[in-house]
Amino acid sequence: MNILALDGVVKTYDKHTAVDHVSFNVPKGSIFGLLGPNGAGKTSLIRIITTITRADEGQVLLDGEPLNSRHPETIGYMPEERGLYKKMKVGDHLMYLAQLKGLSKSNAKAAIDYWMEKFEIQDWWTKKVEELSKGMQQKIQFISTVVHQPKLLILDEPFSGLDPINTNLIKDEIDELHRNGTSIIFSTHRMEQVEEICEHIVLINKGKNVLEGRVADIKDQFKQNLFSIHFSGSLPTALLDKYQLVQQKEEQVVVKVESEQASNQLLSDFLQAGVYIRSFQEILPSLNEIFIRQVEQGTPKTATHE
Amino acid sequence: MNKLWLIIKREYLTRVTRRSFILATILTPLAFALFFIVVGFIFQYESDDSKRIAIIDEADMLKKRIKDEDNLYFKFVDADLETLRSTFSETDYDGILRIPPLKDLLSKEHTIYYYSDKQPTLDIETLIKQRIRRSIRDYKIEALNFKKEELDALDTRISLDPEPIEETGEDASKITGAIAAVIGAVMGVIMYMTVFIYGMMVMRSVMEEKTSRIVEVMISSVKPFQLMLGKIIGVGAVGLTQVAIWAILIPSILFIVNVVFGFDTSSAMEAQASAPQVDQEEAEALAIQVIAELQNQNWWAIFPLFIFYFLGGYFLYASLFAAVGSAMGDDLGEGQSLTIPITIPVILAFYIMFVAIQAPNSSLAVGSSIFPLFSPIVMPARLAFGPPAWEVILSMLLLAGTAIFFVWLSGRIYRVGILMYGKKVNLRELAKWMFRRD
Chain A
124 MNILALDGVV KTYDKHTAVD HVSFNVPKGS IFGLLGPNGA GKTSLIRIIT TITRADEGQV
184 LLDGEPLNSR HPETIGYMPE ERGLYKKMKV GDHLMYLAQL KGLSKSNAKA AIDYWMEKFE
244 IQDWWTKKVE ELSKGMQQKI QFISTVVHQP KLLILDEPFS GLDPINTNLI KDEIDELHRN
304 GTSIIFSTHR MEQVEEICEH IVLINKGKNV LEGRVADIKD QFKQNLFSIH FSGSLPTALL
364 DKYQLVQQKE EQVVVKVESE QASNQLLSDF LQAGVYIRSF QEILPSLNEI FIRQVEQGTP
424 KTATHE
Chain L
2 MNKLWLIIKR EYLTRVTRRS FILATILTPL AFALFFIVVG FIFQYESDDS KRIAIIDEAD
62 MLKKRIKDED NLYFKFVDAD LETLRSTFSE TDYDGILRIP PLKDLLSKEH TIYYYSDKQP
122 TLDIETLIKQ RIRRSIRDYK IEALNFKKEE LDALDTRISL DPEPIEETGE DASKITGAIA
182 AVIGAVMGVI MYMTVFIYGM MVMRSVMEEK TSRIVEVMIS SVKPFQLMLG KIIGVGAVGL
242 TQVAIWAILI PSILFIVNVV FGFDTSSAME AQASAPQVDQ EEAEALAIQV IAELQNQNWW
302 AIFPLFIFYF LGGYFLYASL FAAVGSAMGD DLGEGQSLTI PITIPVILAF YIMFVAIQAP
362 NSSLAVGSSI FPLFSPIVMP ARLAFGPPAW EVILSMLLLA GTAIFFVWLS GRIYRVGILM
422 YGKKVNLREL AKWMFRRD
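Keeping their order, the protein sequence lines are chains A and L. When you line the first sequence up against my numbering, it's residues 124 to 429, in that order. When you line the second sequence up against my numbering, it's residues 2 to 439, in that order.
So that you can see chain A by itself, here it is in the shape it has in the complex (with noise of 0.2 Å):
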């Protein structure tokens, strides 16, 4: 079952085609990764899904049902362009956005009690946003985005200007948040976050989607046989005309195999030959990697794994 099913979506600005028949599903449940470099249509997707702007062609399902004006309530979206009312005490600002998203006066406070609590921040209700540090207003923007237990959470870029410590604090939460069956759309182009996270992708790059799937599974379509032999000694030089390696170091080669299969005969191989061996690892590309060879060859390309 999918939480989020977009088929077909096209949305021109002018002349400018920001999203090209973009399709791709978010099962539900999951922390789905929306990647793709600045400028490839991300914004705009985001804004089709979170019922900002309409897409001219193609169909958005969420939780099934086309998109329709009660959805924003079920959806919590921090932009990457965030900001909160600098004038406004934070309590205030609180109930404000979370009764915007339907929540009645007293559920509103009750959710709102229940995040202060959490981040520790109770004396914070009757301070001004504009008192804040940087920090602790990402921790409000935070709170206001999940305060109405949305179905869906689309996080923008949610790291930017945070710390490490309130990243690794917000990370937590939407570890939890996940746990308990929340929906999560991340996008971002900081890749390493994503491998960290992420279990599902879609990789978007100039208004189309170049690749989608399961983290595991693109890494694996992408990975290029490589073993990393790190040893004692020297190597025979039997071994070094049977097989092609990569990288040599002293006391470290980077091998590639024809399949994945053949890394068990590599290995015995290996240790026939007497080489003491210290570590014997496959080398997955990173996300990173296969983002830049995505983005620069441009072709799509789609995992052929559900």
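Since the hints were made in silico from the structure, they are not lab data. Be aware that a few hints might be false.
Straight-line Cα separation of at most 27 Å, BS3-like style, residue types lysine-lysine; simulated pairs [to be verified]:
#: 1; chain 1: L; residue 1: Lys4; chain 2: A; residue 2: Lys209
#: 2; chain 1: L; residue 1: Lys4; chain 2: L; residue 2: Lys65
#: 3; chain 1: L; residue 1: Lys104; chain 2: L; residue 2: Lys68
#: 4; chain 1: L; residue 1: Lys224; chain 2: A; residue 2: Lys138
#: 5; chain 1: L; residue 1: Lys68; chain 2: A; residue 2: Lys138
#: 6; chain 1: A; residue 1: Lys210; chain 2: A; residue 2: Lys232
#: 7; chain 1: L; residue 1: Lys4; chain 2: A; residue 2: Lys251
Part of the chain A face toward chain L, derived, beta carbon under 8 Å [unchecked claim]:
#: 8; residue: Tyr200
#: 9; residue: Glu204
#: 10; residue: Arg205
#: 11; residue: Lys210
#: 12; residue: Met211
#: 13; residue: Tyr219
#: 14; residue: Gln222
#: 15; residue: Leu223
#: 16; residue: Leu226
Partial list, computed: chain A residues near chain L (C-beta under 7 Å) [unchecked claim]:
#: 17; residue: Ile175
#: 18; residue: Asn191
#: 19; residue: Pro195
#: 20; residue: Pro202
#: 21; residue: Gly206
#: 22; residue: Leu207
#: 23; residue: Tyr208
#: 24; residue: Lys224
Every residue gets a Cβ at the ideal spot worked out from N, C-alpha and C, and that includes glycine.
Based on the hints, put chain L in the right spot on chain A.
Just chain L now, kept in the frame of chain A:
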């Protein structure tokens, strides 16, 4: 609907609870009061340095009949000028006034001489001239054997009382026109100021929301149109609140000032008590007439109409200001040129309003009070002159229609503008936004 209400409430409450709003709302009437106190004090200020003046009346024309003033004492002396001048420093006189005899009873000019070591101040000079003029007039009347009453009767005061052709028509008193003009001007000026002040407030606020990047957070919860409309209504309510508070505070503070300080706004007139033509009774009669005339005005029609034009004009222009605010970037100066097309009609309407009070039925006044961009300012100015009903109704329909249309149109621009960053925007671009799909 519920969300719109939340937005209106926030826009309203954050503004009226702001210290600057409370200060401006209270300080403005106080500033008025202070102004009147100072003005009243200045006009009531009486010279506290007393003067004693010796009068040498060579032909005894005055018959020793000049009264002393508060700080001015006259003394008729028989001594001749030379003696007085030589002993001047020993006496306590501040000046010597010599009145030579008239050359001839029919002469219209006469020179009197004032000897002093100081120049006579302006108020003393005026006062002396007026007193002597009156005394010489009395002297001439007597010498020429006229009767005072007959002379007074020569001057006839004319007043013009406009009457309707049909007997059932409303009988306007002679000052109706003047009163209507004053009411019209006051209403026109209030309209002009409110459109500008609160329209600009909407624009600034839209700009702030855009530059502080709160707007994208907001429109993931509400429609851009709701956000814009809520802001316009909220700020409009702030405007009504402020105007209402002033409407109560300013008159009551002026009243208190009157009671406490014992002078009123007409004290300026009293200060010129030396002016011969001030007739206390006449002034009172005029005041009563003015009050009667004010009561005569059909306030039950004018007041609701005024509110209608206020709202119509406000919505029309505030929505345009909102559209422009949404198109502006972080740089206020850069977008300033976009406000010019909005301010021009407001300023034109303001000038036309002054023509409309002088000639309320001229074709310019009639046309402008129907044309929706001008009518919010021009029509209120004409209301007190009782314009024909069809003009008012047509003007209202056009204004309501145009205001709704402009709010809608501005909403189209707004929804695109608030998400547009780092792009220089011109009017053509704005026009394009109107037709862009969602």
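Going down the list of hints, with the structure as the test:
Of the supplied pair hints, the one linking lysine 4(L) and lysine 209(A) holds, its CA atoms being roughly 21 Å apart against a limit of 27 Å. In summary, the hint linking lysine 4(L) to lysine 65(L) is not supported, as the alpha carbons are separated by about 85 Å, beyond the 27 Å threshold. A distance of roughly 25 Å separates the Cα atoms of lysine 104(L) and lysine 68(L); the hinted pair therefore holds under the 27 Å criterion. Note on lysine 224(L) and lysine 138(A): the hinted pairing holds, with a Cα-Cα distance of about 25 Å set against a maximum of 27 Å.
At most 27 Å may separate the alpha-carbon atoms for a hinted pair to count; lysine 68(L) and lysine 138(A) exceed this at roughly 93 Å. Only pairs whose Cα atoms come within 27 Å are accepted, and lysine 210(A) paired with lysine 232(A) is accepted, the gap being roughly 20 Å. Proximity of lysine 4(L) to lysine 251(A) is assessed by CA-CA distance (about 23 Å); at most 27 Å being required, the pair is judged to hold. Residue-level restraint check for tyrosine 200(A) holds (minimum Cβ-Cβ distance to chain L is 4 Å; threshold 8 Å).
Interface hint at glutamate 204(A): satisfied, since its Cβ lies 4 Å from the closest Cβ of chain L, which is below the 8 Å cut-off. Interface hint at arginine 205(A): satisfied, since its Cβ lies 6 Å from the closest Cβ of chain L, which is below the 8 Å cut-off. With its C-beta approaching chain L no nearer than about 7 Å, lysine 210(A) sits inside the 8 Å limit, and its interface hint holds. At its closest, the beta carbon of methionine 211(A) sits 6 Å from a beta carbon of chain L; the interface hint therefore holds under the 8 Å criterion.
Hint on tyrosine 219(A) holds. Least Cβ distance to chain L is approximately 6 Å, under the 8 Å limit. With a cut of 8 Å, the hint placing glutamine 222(A) at the interface with chain L holds, because the nearest CB-to-CB distance is about 5 Å. With a cut of 8 Å, the hint placing leucine 223(A) at the interface with chain L holds, because the nearest CB-to-CB distance is about 4 Å. At about 11 Å, the closest approach between the beta carbon of leucine 226(A) and any beta carbon in chain L exceeds 8 Å, and the interface hint on this residue is violated.
Because the beta carbon of isoleucine 175(A) sits about 5 Å from the nearest beta carbon in chain L, less than 7 Å, this interface hint is met. Checking asparagine 191(A) against chain L by beta carbon gives a least distance of about 12 Å; that is not within 7 Å, so the hint is violated. A cut of 7 Å between beta carbons decides the hint on proline 195(A): the least distance to chain L is about 6 Å, and the hint holds. Interface hint at proline 202(A): satisfied, since its Cβ lies 4 Å from the closest Cβ of chain L, which is below the 7 Å cut-off.
For glycine 206(A), the interface hint holds, since its Cβ comes within 7 Å of a Cβ in chain L; the closest pair sits about 4 Å apart. A least Cβ separation of about 6 Å between leucine 207(A) and chain L falls short of the 7 Å threshold, and the interface hint therefore holds. Interface hint status for tyrosine 208(A): upheld, as the beta-carbon distance to the closest one in chain L is roughly 6 Å, under 7 Å. At a threshold of 7 Å, the smallest CB-CB gap from lysine 224(A) to chain L is about 6 Å, leaving the interface hint in force.
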